[in-house]
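Visitor: The residues making up each chain are set out below.
Number of protein chains: 2
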Amino acid sequence: MGFGTMTITLYDTTLRDGTQGEGLSFSVDDKLKIARKLDEFGLHYIEGGWPGSNPKDMAFFARAQDLPLRQAVITAFGSTRRAGRAVEEDDNIRSLVAAGTRAVAIFGKSWDLHVHRVLNTGLDENLRMIADSVRYLKARGREVIYDAEHFFDGYQANPTYALRTLAAAEEAGADVLVLCDTNGGTLPSILTAIIGEVKKATCTPLGIHAHNDSELAVANSLSAVQAGVVHVQGTINGYGERCGNANLCSIIPALKLKLGYDCVTDEQLRTLTSLSRYVSELANLSPDAHQPYVGRSAFAHKGGTHVNALLKCEESYQHIEPQLVGNCKRVVVSELSGKSNIAYKVKEFGLDLSANDQQSRQVLQRIKELENQGFQFEGAEGSVELLIRRAQPGYESPFELLDFHVLVRNGYDGAMAAEATVKVRVGDQIIHTAAEGNGPVNALDLAVRKALLPFYPELADIHLTDYKVRILDGEAGTAAQTRVLIDSACGTRTWSTVGSSTNIIEASWQALADSLEYGLLIHGEEARHGTLKRQRLTSTTQVCPKSVGE
Amino acid sequence: MGFGTMTITLYDTTLRDGTQGEGLSFSVDDKLKIARKLDEFGLHYIEGGWPGSNPKDMAFFARAQDLPLRQAVITAFGSTRRAGRAVEEDDNIRSLVAAGTRAVAIFGKSWDLHVHRVLNTGLDENLRMIADSVRYLKARGREVIYDAEHFFDGYQANPTYALRTLAAAEEAGADVLVLCDTNGGTLPSILTAIIGEVKKATCTPLGIHAHNDSELAVANSLSAVQAGVVHVQGTINGYGERCGNANLCSIIPALKLKLGYDCVTDEQLRTLTSLSRYVSELANLSPDAHQPYVGRSAFAHKGGTHVNALLKCEESYQHIEPQLVGNCKRVVVSELSGKSNIAYKVKEFGLDLSANDQQSRQVLQRIKELENQGFQFEGAEGSVELLIRRAQPGYESPFELLDFHVLVRNGYDGAMAAEATVKVRVGDQIIHTAAEGNGPVNALDLAVRKALLPFYPELADIHLTDYKVRILDGEAGTAAQTRVLIDSACGTRTWSTVGSSTNIIEASWQALADSLEYGLLIHGEEARHGTLKRQRLTSTTQVCPKSVGE
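Keeping their order, the protein sequence lines are chains H and Y. Heads up: the first sequence begins at 1 in this note's numbering, then just goes up one per residue. Heads up: the second sequence begins at 551 in this note's numbering, then just goes up one per residue.
In case anyone wonders, no lab produced these hints; they're calculated from the structure. Possibly wrong hints are sitting among the right ones.
[As the list claims (entries may be wrong)] The calculated BS3-like cross-link candidates involving lysine-lysine, where the alpha carbons are at most 27 angstroms apart (straight line), are: (1) H:K37 to H:K258; (2) H:K468 to H:K33; (3) H:K468 to Y:K1018; (4) Y:K918 to Y:K862; (5) Y:K879 to H:K258; (6) H:K56 to Y:K918; (7) H:K368 to Y:K587; (8) H:K450 to H:K37; (9) Y:K1000 to Y:K918; (10) Y:K973 to Y:K879; (11) H:K56 to H:K138; (12) Y:K606 to Y:K688; (13) H:K368 to H:K258; (14) Y:K1018 to Y:K587; (15) Y:K606 to H:K199; (16) Y:K973 to Y:K1000; (17) H:K33 to Y:K749; (18) H:K56 to H:K37; (19) Y:K808 to Y:K587; (20) Y:K862 to H:K468; (21) Y:K862 to Y:K879.
On a predicted model such as this, the values are computed, not experimentally measured, just so you know.
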């Protein structure tokens, strides 16, 4: 592109500002997992939480010190000291230092209205609060990112004072001055004009932190970069309070592909779609199919003539090549997507089906039938691989469930009880047994394992690591179609399986049975073929993460 | 604001381009209903469909002639004539005329690549196709809106030719030249620069038609207006192919409240939230809670200190007054809340608790305990209101569940069966009954309704509209804590309730019991207090369509 020399620093706040979003919360383990992914993706700073505000965030910073990160700097977030308090006695500032991170972000007030009416203090004391806090943290060796809260609103109300707050942070040694559109109400034209004024008045690198209340957060972030800002804050999928934060999943490809800025590598950019879906999985939020760049429908084409034009000329209806961000073109009329998808998958799994056209067609047919019933295989490659393997001649399932009952009872004493009885066949033996559990699906899981364990002692090594339920047609109320996804692990190997039914117990059973069958299968193969096989299988999950059978 | 003299023409294409979105389709009746709403809202043009492409759209135009519209002009959409064909013999052009609308929109090619490789024709023939088609339709008395497809991509590839296509339309008499960012890949800075060039080369009013593939459709539409465009196309909720069209629900309030353009009246703008939700209801798509301006979370505030600041100073964390677009501020109750959140809630529900500090504290305590157990009240205002009501002296629950069993069975025939038996007390009567269902929760729902219906016939009006399951600690596998959210409705009233347990049946029961109890409660109050009460309740609903009891 000919430019490409400018570098932009990417600052992720999914784990802090993102979790302010209604309905979003991450465990400490989730946060650590996401931090690793963000680092692999190439983000430069990861704001991990507000150590002064809750103990969960403090636990994150303690454990994050052991994360084997490549480059990302874990950053703790907090506010400037309180009004009328010495900085070294301020609990919030002390927690920031205690978090032990190399970088800290602190926010201060830029808007005189807030100083008077929210902080209930004077304009000069606010300037001292900013300067004291920045200076104190700099003296403790921290890189200090200064977030000028409500900067654009503050500037419009009182430009002189807003600039004085920046000057206070700058003189105290702040490394970056981040201009925040906290309420998300600023238009790009006004934002750009204000940044121009700030550039005249300061010489510290500038950052942008935008919110999406006017559906302009991405535009504001890009306009800010075009106006000379070099540090961009945002969240994965635009998660965040109210209408969300600026969406890094849209900002990063625009910076790299449309504006030619250096920020992540081409290889890293190709994992954007999988990063987006990974975070939505851990957040247990359905990915937005229409999300730009990474959504399942972002490059989906409906209708005959349109698809026809696309076949004649790829760029005719696509603004970028979807592969660049790890997404794929999708032709919505599924009859057209055809056998080639299965052939692709078979090859990816290293199986032998490809020669046999008839079998490919059968597997495809079966996938389509099941997707019609509510299955979705894009997140469940364990189930896809089983479908393909079952179509191979001579495949034998390690067990078969003949019958089960699940009873849930809530008695006068208020205690819940769940009990399952199962009848299972292994070879020519039939096992009939029962177990109690923490709920109906847990009871079923325990009963089946009890039945199978004498035949397959390796089941003791196979663990369920995640269990997710999604209601597909919520409007059908309690009679809705349900989809269950189960993630399982055996040592370092992980796999996902799927089930779907209007009956949640049945859907859970399908996913559970696939999970156990797949686990036994790979356990057996690894025992037979050793590490070579393991190598090959582990690499498969990464190619086009969610495209099978779409 | 001091400007406010410029007028913008709003052109809605929800019924045409919007329906290209995956998963979206409207019946002719739906389209007619939406057209009336769009007209009431104040939109100037309503693109109803492509009469040449399907008979359903032709039926719409026939019936739309009888719609009692105030001002909106129904518009038919189609393409320029085919290459090498006389315009009067072109089926598509004939259908456009047959639609009988006062205005027609036709799209033509601006991008030389498309002329060569998609149309397979020459550059001059494409110019004749544009000119012939516009001239023919003008001669038949139509107002002609010319959509320059892929204009920005075309201009960047071959600016001279792209401008010649506009000149062809202009010379033939087009009333508006609409510049389309069909692939949604253009940045605002480039778009603005190109519009500047177009303005130098043409003198017909200009329009903008943007797509959201780069998450920039709203920004591009607003930038276009700031660059002198006077006609803006978009869809309600940004529905449309791939990542959607420009979202009129974000563009209109920005034009009116932030840029001071005249487009709809203040009264009309106050119905924006209800228009958005009406269209999503007919589209059978869940409204996006985080949608700017109109989303349920667009003005939602979580966390004690934040709510505290908001109470001190409304504008401190809101970019506009939510009432201006018919939305409302929402204080979210969660474990982060203080007493002020509960006090706010009590007042909002019109209850009497506020005087009694001790009771507030108890309710808050109970909410915190339950959230520790996995409940989450921020999306379940029905359950919050019940907690508050139950703390009031003399509150009596309309029913009590004494005992239940749920049996799920998968027999040799492969068919699943679910059966529930329940024992319920109403006053001093005990009812013991059973029902079969589509799954365990559905069976329980049906059995409880069967038990209660003789006492509360109004239950027949209470419907479950959504049922959501979230696994909280998926890593516990099938023994994980489960949270169930149920949305319910009775007429136009809606409410949400929550349950949580490791046993999904128990969690579902809790949410279901709250849903029914809350429904009976408000039904009873409306019946007792008649219209006065209803008035109060309904007026809350209008101020904030989906906020009551949520």
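Visitor: For each hint, tell me whether it holds in the structure or not.
Guide: Against the structure, the hints come out as follows:
Under the criterion of a C-alpha separation no larger than 27 angstroms, the hint pairing K37 (chain H) with K258 (chain H) is consistent with the structure, at around 24 angstroms. For the suggested pair K468 (chain H) and K33 (chain H), the alpha carbons sit about 18 angstroms apart, so the restraint of at most 27 angstroms is met. At roughly 11 angstroms between alpha-carbon atoms, K468 (chain H) and K1018 (chain Y) fall within 27 angstroms of each other, so this suggested pair holds. Among the hinted pairs, K918 (chain Y) with K862 (chain Y) is consistent with the structure: their alpha-carbon atoms are about 25 angstroms apart, no more than 27 angstroms.
Restraint check: the Cα-Cα separation between K879 (chain Y) and K258 (chain H) comes to about 37 angstroms, which exceeds 27 angstroms; the hinted pair is violated. Between K56 (chain H) and K918 (chain Y), the direct Cα distance comes to roughly 16 angstroms. Compliance with the 27 angstroms bound is thereby established for this hinted pair. Taking the CA atoms of K368 (chain H) and K587 (chain Y), the gap is about 38 angstroms. The hint is violated against a cut of 27 angstroms. This hinted pair does not check out: K450 (chain H) and K37 (chain H) have alpha carbons roughly 37 angstroms apart, beyond 27 angstroms.
A distance of roughly 34 angstroms separates the Cα atoms of K1000 (chain Y) and K918 (chain Y); the hinted pair therefore is violated under the 27 angstroms criterion. For the hint pairing K973 (chain Y) with K879 (chain Y), the CA-to-CA distance comes to about 41 angstroms; that exceeds 27 angstroms, so the pair is violated. For the hint linking K56 (chain H) to K138 (chain H), the alpha-carbon distance of about 25 angstroms falls within 27 angstroms, and the restraint holds. Using a Cα cut-off of 27 angstroms, the hinted pair K606 (chain Y) and K688 (chain Y) holds, with the two alpha carbons roughly 25 angstroms apart.
For a cut-off of 27 angstroms, the pair hint linking K368 (chain H) to K258 (chain H) is broken: about 37 angstroms separates their Cα positions. Distance check on the hinted pair: K1018 (chain Y) and K587 (chain Y) sit about 30 angstroms apart at the alpha-carbon level, beyond 27 angstroms; violated. Among the hinted pairs, K606 (chain Y) with K199 (chain H) is inconsistent with the structure: their alpha-carbon atoms are about 57 angstroms apart, more than 27 angstroms. Between K973 (chain Y) and K1000 (chain Y) the CA atoms are separated by roughly 11 angstroms; this keeps the pair inside 27 angstroms, and the hint holds.
The suggested pairing of K33 (chain H) with K749 (chain Y) is violated, with an alpha-carbon distance near 52 angstroms, which exceeds 27 angstroms. At most 27 angstroms may separate the alpha-carbon atoms for a hinted pair to count; K56 (chain H) and K37 (chain H) meet this at roughly 20 angstroms. For the hint pairing K808 (chain Y) with K587 (chain Y), the CA-to-CA distance comes to about 24 angstroms; that is within 27 angstroms, so the pair holds. Proposed proximity of K862 (chain Y) and K468 (chain H) is contradicted: the alpha carbons are some 41 angstroms apart, above 27 angstroms.
For the suggested pair K862 (chain Y) and K879 (chain Y), the alpha carbons sit about 14 angstroms apart, so the restraint of at most 27 angstroms is met.
Figure legend: structure checked against the earlier numbered hints; hints not met, in rising order: 5, 7, 8, 9, 10, 13, 14, 15, 17, 20.
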